[in-house]
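Chemist: Add chains B, C, D, E, F, G, H, I and J to chain A, keeping to what the hints say.
Now for the letters of each chain:
10 protein chains.
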Amino acid sequence: MVFLVEMDVNIPESWSEEKIADYVTREKECSQGWQKSGKWVYLWRVAGQYSNVSVLEVESPDELHKIISSLPLFPYMTINVKSLCKHPNALREAMI
Amino acid sequence: MVFLVEMDVNIPESWSEEKIADYVTREKECSQGWQKSGKWVYLWRVAGQYSNVSVLEVESPDELHKIISSLPLFPYMTINVKSLCKHPNALREAMI
Amino acid sequence: MVFLVEMDVNIPESWSEEKIADYVTREKECSQGWQKSGKWVYLWRVAGQYSNVSVLEVESPDELHKIISSLPLFPYMTINVKSLCKHPNALREAMI
Amino acid sequence: MVFLVEMDVNIPESWSEEKIADYVTREKECSQGWQKSGKWVYLWRVAGQYSNVSVLEVESPDELHKIISSLPLFPYMTINVKSLCKHPNALREAMI
Amino acid sequence: MVFLVEMDVNIPESWSEEKIADYVTREKECSQGWQKSGKWVYLWRVAGQYSNVSVLEVESPDELHKIISSLPLFPYMTINVKSLCKHPNALREAMI
Amino acid sequence: MVFLVEMDVNIPESWSEEKIADYVTREKECSQGWQKSGKWVYLWRVAGQYSNVSVLEVESPDELHKIISSLPLFPYMTINVKSLCKHPNALREAMI
Amino acid sequence: MVFLVEMDVNIPESWSEEKIADYVTREKECSQGWQKSGKWVYLWRVAGQYSNVSVLEVESPDELHKIISSLPLFPYMTINVKSLCKHPNALREAMI
Amino acid sequence: MVFLVEMDVNIPESWSEEKIADYVTREKECSQGWQKSGKWVYLWRVAGQYSNVSVLEVESPDELHKIISSLPLFPYMTINVKSLCKHPNALREAMI
Amino acid sequence: MVFLVEMDVNIPESWSEEKIADYVTREKECSQGWQKSGKWVYLWRVAGQYSNVSVLEVESPDELHKIISSLPLFPYMTINVKSLCKHPNALREAMI
Amino acid sequence: MVFLVEMDVNIPESWSEEKIADYVTREKECSQGWQKSGKWVYLWRVAGQYSNVSVLEVESPDELHKIISSLPLFPYMTINVKSLCKHPNALREAMI
Numbered sequence: 001m002v003f004l005v006e007m008d009v010n011i012p013e014s015w016s017e018e019k020i021a022d023y024v025t026r027e028k029e030c031s032q033g034w035q036k037s038g039k040w041v042y043l044w045r046v047a048g049q050y051s052n053v054s055v056l057e058v059e060s061p062d063e064l065h066k067i068i069s070s071l072p073l074f075p076y077m078t079i080n081v082k083s084l085c086k087h088p089n090a091l092r093e094a095m096i
Numbered sequence: 001m002v003f004l005v006e007m008d009v010n011i012p013e014s015w016s017e018e019k020i021a022d023y024v025t026r027e028k029e030c031s032q033g034w035q036k037s038g039k040w041v042y043l044w045r046v047a048g049q050y051s052n053v054s055v056l057e058v059e060s061p062d063e064l065h066k067i068i069s070s071l072p073l074f075p076y077m078t079i080n081v082k083s084l085c086k087h088p089n090a091l092r093e094a095m096i
Numbered sequence: 001m002v003f004l005v006e007m008d009v010n011i012p013e014s015w016s017e018e019k020i021a022d023y024v025t026r027e028k029e030c031s032q033g034w035q036k037s038g039k040w041v042y043l044w045r046v047a048g049q050y051s052n053v054s055v056l057e058v059e060s061p062d063e064l065h066k067i068i069s070s071l072p073l074f075p076y077m078t079i080n081v082k083s084l085c086k087h088p089n090a091l092r093e094a095m096i
Numbered sequence: 001m002v003f004l005v006e007m008d009v010n011i012p013e014s015w016s017e018e019k020i021a022d023y024v025t026r027e028k029e030c031s032q033g034w035q036k037s038g039k040w041v042y043l044w045r046v047a048g049q050y051s052n053v054s055v056l057e058v059e060s061p062d063e064l065h066k067i068i069s070s071l072p073l074f075p076y077m078t079i080n081v082k083s084l085c086k087h088p089n090a091l092r093e094a095m096i
Numbered sequence: 001m002v003f004l005v006e007m008d009v010n011i012p013e014s015w016s017e018e019k020i021a022d023y024v025t026r027e028k029e030c031s032q033g034w035q036k037s038g039k040w041v042y043l044w045r046v047a048g049q050y051s052n053v054s055v056l057e058v059e060s061p062d063e064l065h066k067i068i069s070s071l072p073l074f075p076y077m078t079i080n081v082k083s084l085c086k087h088p089n090a091l092r093e094a095m096i
Numbered sequence: 001m002v003f004l005v006e007m008d009v010n011i012p013e014s015w016s017e018e019k020i021a022d023y024v025t026r027e028k029e030c031s032q033g034w035q036k037s038g039k040w041v042y043l044w045r046v047a048g049q050y051s052n053v054s055v056l057e058v059e060s061p062d063e064l065h066k067i068i069s070s071l072p073l074f075p076y077m078t079i080n081v082k083s084l085c086k087h088p089n090a091l092r093e094a095m096i
Numbered sequence: 001m002v003f004l005v006e007m008d009v010n011i012p013e014s015w016s017e018e019k020i021a022d023y024v025t026r027e028k029e030c031s032q033g034w035q036k037s038g039k040w041v042y043l044w045r046v047a048g049q050y051s052n053v054s055v056l057e058v059e060s061p062d063e064l065h066k067i068i069s070s071l072p073l074f075p076y077m078t079i080n081v082k083s084l085c086k087h088p089n090a091l092r093e094a095m096i
Numbered sequence: 001m002v003f004l005v006e007m008d009v010n011i012p013e014s015w016s017e018e019k020i021a022d023y024v025t026r027e028k029e030c031s032q033g034w035q036k037s038g039k040w041v042y043l044w045r046v047a048g049q050y051s052n053v054s055v056l057e058v059e060s061p062d063e064l065h066k067i068i069s070s071l072p073l074f075p076y077m078t079i080n081v082k083s084l085c086k087h088p089n090a091l092r093e094a095m096i
Numbered sequence: 001m002v003f004l005v006e007m008d009v010n011i012p013e014s015w016s017e018e019k020i021a022d023y024v025t026r027e028k029e030c031s032q033g034w035q036k037s038g039k040w041v042y043l044w045r046v047a048g049q050y051s052n053v054s055v056l057e058v059e060s061p062d063e064l065h066k067i068i069s070s071l072p073l074f075p076y077m078t079i080n081v082k083s084l085c086k087h088p089n090a091l092r093e094a095m096i
Numbered sequence: 001m002v003f004l005v006e007m008d009v010n011i012p013e014s015w016s017e018e019k020i021a022d023y024v025t026r027e028k029e030c031s032q033g034w035q036k037s038g039k040w041v042y043l044w045r046v047a048g049q050y051s052n053v054s055v056l057e058v059e060s061p062d063e064l065h066k067i068i069s070s071l072p073l074f075p076y077m078t079i080n081v082k083s084l085c086k087h088p089n090a091l092r093e094a095m096i
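Residue numbers (the UniProt record's numbering), protein chains in the order written: chain A, 1 to 96; chain B, 1 to 96; chain C, 1 to 96; chain D, 1 to 96; chain E, 1 to 96; chain F, 1 to 96; chain G, 1 to 96; chain H, 1 to 96; chain I, 1 to 96; chain J, 1 to 96.
Be careful, since some hints might not be right.
Claimed, not checked - Not close to chain A: a few residues of chain B, all C-beta gaps over 10 Å, as computed:
| hint | residue |
| --- | --- |
| 1 | Glu-17 |
| 2 | Phe-74 |
| 3 | Asn-89 |
Unchecked claim - Coverage of chain G stretches by chain F, computed from C-beta distances (three or more under 8 Å per stretch; other residues unrestricted):
| hint | segment |
| --- | --- |
| 4 | 23-31 |
| 5 | 57-67 |
Honestly, the hints are just simulated from the structure, not real lab data. Here a beta-carbon is modelled for each residue, glycine too, at the ideal position from N, C-alpha and C.
The shape of chain A in the complex, shown without the other chains (with noise of 0.2 Å):
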């Protein structure tokens, strides 16, 4: 099944450089680990903001908050997550 999911970083102000570039760098190991898996399908960026809109292809809810949880950034972001299905007006048989 099919999440679309936004995510605002929010960074702590108290955080170092070092602190932060630390984060970045595990948060970027674990997100490409998950779109390898082929379950993160999308990862754009909204442009002018420091917000994420994703597309996740998951075998359930559990799962996505399996991947989305796993994030270093996870309890420092703003997090919406909405359920798709099929659009009677879509012509593409597949959701992806």
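Modeler: For chains B, C, D, E, F, G, H, I and J alone, kept in the frame of chain A given last:
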């Protein structure tokens, strides 16, 4: 360039069932025409809501507006548009 | 999978009392049919408001949408959907 | 009587990992104690978010407050409470 | 148990002055009946707005809903309900 | 004149447990002093939330401000104030 | 006592031009009567919007409500009221 | 002085296509008259939405209001106005 | 020209009592200097809240910004500004 | 293509005056570099607020993001972006 477009449909309460059916038919034709052109890449339903999430790949913001405003229900929708760009952590080379 | 669905009903002001009564009767039949199927597990009223809170256990987001959009009042409700999953602190094995 | 309780957790950014681990452990013990008592009937995670949805069946609003405010993370959560009652279309005799 | 109920009235624009007068009369009778019963303890106007603040002391959330939904203008109000309980700093023994 | 005051408490995360306990004690003393004066008529807890609902009967808006701003936690609360007046449907002669 | 009142006007779309003109004329007469009484001290337009900002000096919240609710367009406005009091940094002795 | 004005158009659902066409024509004439005067400097469409963003350079807030309120669709728009001034980092001497 | 300015003060939680007292003293001096100049016409407290409502009469938006941004607490306030103009129903010739 | 960008600055409360001054200086240099390039066309201050309104003309959404995210204060701003296109009523041939 790629846009994420979210549309909430608000059918006027005074419309007859015939008028609604007519609009729904024309909306489908219009939307499928743009899907066939390859510009309207994804059209999903938000599960349980009278809302859509779409991803369009267009030449310009003017083209995006031409497509969305050609929908018969355009004046009766609340529409939210996000301009997307490449995310530094994205593995995929292309946006779509 | 389990969804929490919150619905606020907005009856169009132009409807006659007969039309309202007809919709309310059909809404009840429709909702009770889904309750009998076992998919619509809980249906509660929010005390003092014209709003409902429901818990549904379905096969897929598409099935959730089929159920909710089959309600006669679907076009006249503001609907909020949350996809739920297992909480690590939950003692109960099953979701429901 | 039955309440729907939604909690968003906001861990203070200044907390050490030890402090967080300590709170998380005590939160689990506290929540599971109330689940064993039968008063905290459902505890779900919102998929992809650091939020919970719970259903509690209690003797009074005071008892609800005693339970929720006993959680160690109570001061660090945004909490929304809805008092529920029987829906005229509900087939189920009992609320739970 | 005690509830705080805030109601904003939205009279449909299509109603004739007769219809409005009829509803207002019946609303008054209905509300005063519940006040006489002792369950609707306070009914205040918010100064300068078409809104009310009420305090009700009832047996159950179901009784609260029975009272509020018996108001003729119930379908035309935006209603907000808060379930109240004893505050540890309150000197007064009783809630009302 | 009568005011409805809603307060959400936001304890600063950096405060030690001693500092919190000190503030809570002084808050109680301050609030109970005003309750004894008869001006702070009701003080309720919103069930399940770190929020209060109060009803005060005072001589003037200046007196209301003197009372509320004397609370030690005043700078750490989000406060909403509604000025109340007599409702035409109210049976009770007095406001309180 | 002094109140700040903000009003957004929402003329019903079904009104004829004659009906609108009639309401606008009566609104002007009513508002100017209160201005002459000295109680409605300031009446400003928000530049570029169909909204007003007013300052009233009245005897009581009941008097404020009597004035505002006497406006013919009262049921068709979204109204926000703030009760004002003396600021410790204000040099001016009087409120107005 | 310079104002940023954002307008969302809400055409009443009861209007006939002739009435809409008449308003749209007059709206265009009115807006182009002000553009020719040099006071309405920029008029942009928000891509994909029935909304405009405008920049006006006027003599006074009263003149801004005269211009915006002369639009035939003025009563049917949600309008947001921001008063702009020189930014200390701006290189450009003039505002426009 | 006349502006309505609403300010909510958010004192940083980490400030010592000395630092707060110093800022409050300087804020008073600054605000009273502008009041003496005649440009800051009204300064009111919102009863029961840590918020102010002010009316300023200035030469230009730039002057308004110079005044407001000279306040020591400027970076720690949420500020809302409305540009006002003459209302057609206002009897008073002058804005102030 | 043209974007309207609104930025609210939130300086972290823990920053020393030196650190703030350093950021402000670098922010100015960065923003003026982009203004000299011709891509950052307008930079205005919202009168009385710590907010900016900008108009940028760029090659792509990616270029917009490169510019905005190069600002030293980028992680400490709430940013809102609107993609603009030609309005059918605009007389001006070019967007800028």
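Chemist: Now look at each hint and say whether the structure bears it out.
Modeler: Verification of the hints:
no., hint, verdict
1, Glu-17, "17 Å, holds"
2, Phe-74, "15 Å, holds"
3, Asn-89, "5 Å, violated"
4, 23-31, "violated (count 0)"
5, 57-67, "holds (count 5)"
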